[in-house]
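*Asks:* One-letter residues, chain by chain:
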Amino acid sequence: MDKPKILIIDDDADAVELIRIALEANNYDVFSAGNGTEGLALVKKIRPDLIILDVMMDSATEGFQVSYQIKSNDPKSEYRDFCRTPIIMMTGISQQMHMKFSPTQDGDYLPVEEFLEKPVRVDPLLEKIRKLLKR
Amino acid sequence: MDEHQEIKALFYEKGREEPLSKVGWWILLRWILLGVTILAGLTGNFLLNLKLPLAHILLLCCLTAFLNALLHYQLFTLKKAPSFEFNLVDRITYIQFGTDLVFIAGIFNDTGGIASPLLFYFLFHVILSGVLLERWACFLYVSLVALMILTLSFFEFIGFVPHVYRASFISKDLQDNPFFVFFLLFFFLMVLFISSSLISTLLKRLRERISQLTELEEKLEDTNHRLETLNLIAVKTATTLGLTPRLDLICGSVRELMGVKGVLIRLLDERTNRLEIVSSCGLSDAYIKTGPIDLDKSYSRTLKGKPHVVLDITSEPSLQYPEEIKKEGIVSMLAVPLQGREKVIGTLRLFTSERREFTQEEIDFVSALASQGAISIENARFYDVLKRQDEAKNDFIILMTHELKAPLSAIQGLLDVMRKGYVGAITDKQKELIERMQKRIDSVLELSAELLDIYKWQSKGVIDMALTSVSLKDQIQKAEDLFKLIAQKKSIKISYEVPDEQVNVKAGEEELEKVLNNLISNAIKYTPIGGNISVVLRLVDKQVTLRVKDNGIGISSEDVPKIFNEFFRTKEAKVIDPEGSGLGLPFVKKIVESLGGTIRVKSEKGQGTEFMVTLPRI
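In order, the protein sequence lines correspond to chains P and E.
Going by this note's numbering, the first residue of the first sequence is number 32, and it counts up by one from there.
Going by this note's numbering, the first residue of the second sequence is number 913, and it counts up by one from there.
Incorrect hints may appear among the rest.
Below 30 Å or equal to it, Euclidean Cα-Cα: the simulated DSS-like pairs (lysine-lysine) are [as the list claims (entries may be wrong)]:
1. P:Lys162 x E:Lys1390
2. E:Lys1396 x P:Lys162
3. E:Lys1390 x E:Lys1461
4. P:Lys162 x E:Lys1437
5. E:Lys1332 x P:Lys162
6. P:Lys159 x E:Lys1332
7. P:Lys36 x E:Lys1317
8. E:Lys1426 x P:Lys162
9. E:Lys1501 x E:Lys1351
10. E:Lys992 x E:Lys934
11. P:Lys34 x E:Lys1486
12. E:Lys1317 x E:Lys1437
13. E:Lys1351 x P:Lys159
14. P:Lys36 x E:Lys1332
15. E:Lys1483 x E:Lys1418
16. E:Lys1317 x P:Lys159
17. E:Lys1401 x E:Lys1514
18. E:Lys1426 x E:Lys1474
19. E:Lys1385 x P:Lys162
20. E:Lys1385 x E:Lys1317
21. E:Lys1426 x E:Lys1486
22. P:Lys165 x E:Lys1332
23. E:Lys1405 x E:Lys1390
24. E:Lys1396 x E:Lys1385
Stretches of chain E that chain P covers, calculated by requiring three or more beta carbons in the stretch to come under 8 Å of a beta carbon on chain P [claimed, not checked]:
25. 1127 to 1138
26. 1332 to 1341
Since the hints were made in silico from the structure, they are not lab data.
Where a beta carbon is used, it is the ideal one built from N, C-alpha and C, also for glycine.
Work out the full structure: start from the sequences and follow the hints.
*Replies:* What follows is the structure in structure tokens.
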């Protein structure tokens, strides 16, 4: 069986690097993108099994927009195939925005499966990935 | 109104009682004197055998008594009347003088003419006339008295009028001596004129003084009122922080105090060199919309720092909006500068709908008020600037802290990866050093998180929370799980006591968690190995109380009031945890207070500490 493909969308190269090292050491195939647009393009190209998404990139809520696009309920959405791809959102911004994460996509809720406070620690991240990919 | 009338009016202003009481005591005096005269007549004739013409005297007394009774009745009705004419009182006064003159003349004749011991009656009356009559009337009266005495004496002398009574302490020969009569009359009349002149002069001065005093009193009252207002404005503007309410307050007070049609404040906009209307009262919207005064087009004397009075607005060439002012019905204007600390910052204008000359005192007063207002305006401006600067500073700190967090987070993660050996095997020593680095980074991250909380709260004034119904029992359960391991490591026993029923409060879940975690982690941190901690949740009426009690190091009594101050840390706490920020408890307090609750602390050094949080229950 192929290694699970994980896409990291984050503009902080160091953060990407540490996650890449940790995940590759744990037998995952890691791809990365430095902004939302690039990330969305890669989603279609590599069809990841899981996405790790940062919130603050070029704009303060770029990650939110990316998650809305991927998880869109619109039948004509170009990301239709990926609306079930799990997303782990990582940031320290959630507290500030009073956003909650939820698989549903209404109101103040973010359509992501998991949520990780920064700074990202390896063990909790791996645990969450394992849990999400088991399904 | 001549001077005397004015003074009289002044007297009468004190109430109608005064003129009436004067007439009253005169009438009373007459009753007494009538009694004395009758008694003296009777005594003289029956005891001293003076052989006075008693019948004549009694007749005169009866007549006078009748008239006095009439006057007394008149006084009585005047006192009862709802209002009266001052002229009527004057008329009564003249009637009384006339009556008395006739009476005294009769008595004078009856008791021996110029040899009469009752000559002093005249003196007495002249003094009275000096007090009650106007100066000219007093002289007229004295002249009448003199003329009457002279005529009577002359008639008696030539035998035209009989000598009614000749007995006197003056010998009969002397009484018939024309030189004696002449000198006696001369000296007596001199005394009469001099005393009346003295009295009326003295009284005139007295009245002038009284009127001056009354005027001064009025001015004093006026000044007092103004000072009070000034003070009131000072107090009110000091407690009103915004610029607009301050300006409106000044406008309203000036208008009321000076009794003018309208008041207008214009402030100088230095960028455009225009005087913009910022506050007004008593003026129509149409006038207020006239627009700014362009200083490039018109010259403002007021801005040079001098008050400026325009009596007739139509003849003032320097106005930029003469038509609008005329339409507004404005006639006179007083403009004073708003003198700030260093320069004039605007103008205060008073408009009247009638021609009005402002007195120097009024101008001074309005100027003083304007200066006070100007300083208050400057203060409000400083306040606004400071507030903006403070906000900018807070925003900057929030931004900086965020910027700090990102690289530290990355370092933390990279160290994590290294420590786990993902990038090659590491020695135990290397691992230990990495752990140390991570610990230090954690403390900086914690501090920045706390800083963010505090400054976010400061910039908004309140803690912004997503309020939901939160179960305190669930939160305590979470805390129990969270701290189990840590407490075990320090062999600290934590007991939890919660009520059976559900306990919900309206709060932000994360914030409430912070409160609970902060209190419990502090208790663990500052309690020595083997200590005890109790967490007790109770329901009291519509309130929930949460007590977190430990038997740790405690807080000294002088430190207890400071523990909720930002960045404050006790000496003992610094020893145990050198990296603590001193922001935890202040933030806890802010959260609790934002939720409408209270937090109290009881502590004794070396004995332990108890925090009690009270929150409204739902």
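*Asks:* Each of the hints needs a verdict: does it hold here or not?
*Replies:* Results for each hint:
Taken as a hint, the P:Lys162 and E:Lys1390 pair is honoured in the structure, with Cα atoms around 22 Å apart against an allowance of 30 Å. Note on E:Lys1396 and P:Lys162: the hinted pairing holds, with a Cα-Cα distance of about 25 Å set against a maximum of 30 Å. The straight-line distance between the Cα atoms of E:Lys1390 and E:Lys1461 is roughly 18 Å, inside the 30 Å bound, and the hint therefore holds. Distance hint between P:Lys162 and E:Lys1437 is unfulfilled; the C-alpha atoms sit about 34 Å from each other, more than 30 Å.
A distance of roughly 20 Å separates the Cα atoms of E:Lys1332 and P:Lys162; the hinted pair therefore holds under the 30 Å criterion. For the hint pairing P:Lys159 with E:Lys1332, the CA-to-CA distance comes to about 17 Å; that is within 30 Å, so the pair holds. The straight-line distance between the Cα atoms of P:Lys36 and E:Lys1317 is roughly 29 Å, inside the 30 Å bound, and the hint therefore holds. Distance hint between E:Lys1426 and P:Lys162 is fulfilled; the C-alpha atoms sit about 28 Å from each other, no more than 30 Å.
Pair hint E:Lys1501 plus E:Lys1351 holds up; C-alpha atoms about 27 Å apart against a cutoff of 30 Å. For the hint pairing E:Lys992 with E:Lys934, the CA-to-CA distance comes to about 16 Å; that is within 30 Å, so the pair holds. In summary, the hint linking P:Lys34 to E:Lys1486 is not supported, as the alpha carbons are separated by about 50 Å, beyond the 30 Å threshold. Straight-line distance between C-alpha atoms of E:Lys1317 and E:Lys1437 comes to about 25 Å, which keeps the hinted pair within the 30 Å bound.
Proximity of E:Lys1351 to P:Lys159 is assessed by CA-CA distance (about 24 Å); at most 30 Å being required, the pair is judged to hold. Between P:Lys36 and E:Lys1332 the CA atoms are separated by roughly 22 Å; this keeps the pair inside 30 Å, and the hint holds. For a cut-off of 30 Å, the pair hint linking E:Lys1483 to E:Lys1418 is broken: about 36 Å separates their Cα positions. A C-alpha spacing of about 23 Å is found between E:Lys1317 and P:Lys159, which places the hinted pair at or below 30 Å, so the restraint holds.
Simply put, E:Lys1401 and E:Lys1514 have alpha-carbon atoms about 27 Å apart, close enough for the 30 Å limit, and the pair holds. As the CA atoms of E:Lys1426 and E:Lys1474 are separated by approximately 20 Å, the hinted pair is consistent with the 30 Å bound. A C-alpha spacing of about 28 Å is found between E:Lys1385 and P:Lys162, which places the hinted pair at or below 30 Å, so the restraint holds. A hinted pair counts as satisfied when its Cα atoms are at most 30 Å apart, and E:Lys1385 with E:Lys1317 does not qualify at roughly 33 Å.
For the suggested pair E:Lys1426 and E:Lys1486, the alpha carbons sit about 21 Å apart, so the restraint of at most 30 Å is met. With a CA separation close to 24 Å, the supplied pair P:Lys165 and E:Lys1332 stays within the 30 Å bound. For the proposed pair E:Lys1405 and E:Lys1390, the alpha carbon gap of about 17 Å is at most 30 Å, so the pair holds. Using a Cα cut-off of 30 Å, the hinted pair E:Lys1396 and E:Lys1385 holds, with the two alpha carbons roughly 16 Å apart.
Residue count for the stretch 1127 to 1138 of chain E with a Cβ under 8 Å from a Cβ of chain P: 0. That is fewer than the three needed, and the coverage hint is violated. For a cut-off of 8 Å, the count of residues in the stretch 1332 to 1341 of chain E with a CB near a CB of chain P stands at 3, and the three-residue condition holds.
Violated hints, listed in ascending order, are 4, 11, 15, 20 and 25; each of the other numbered hints is respected by the structure.
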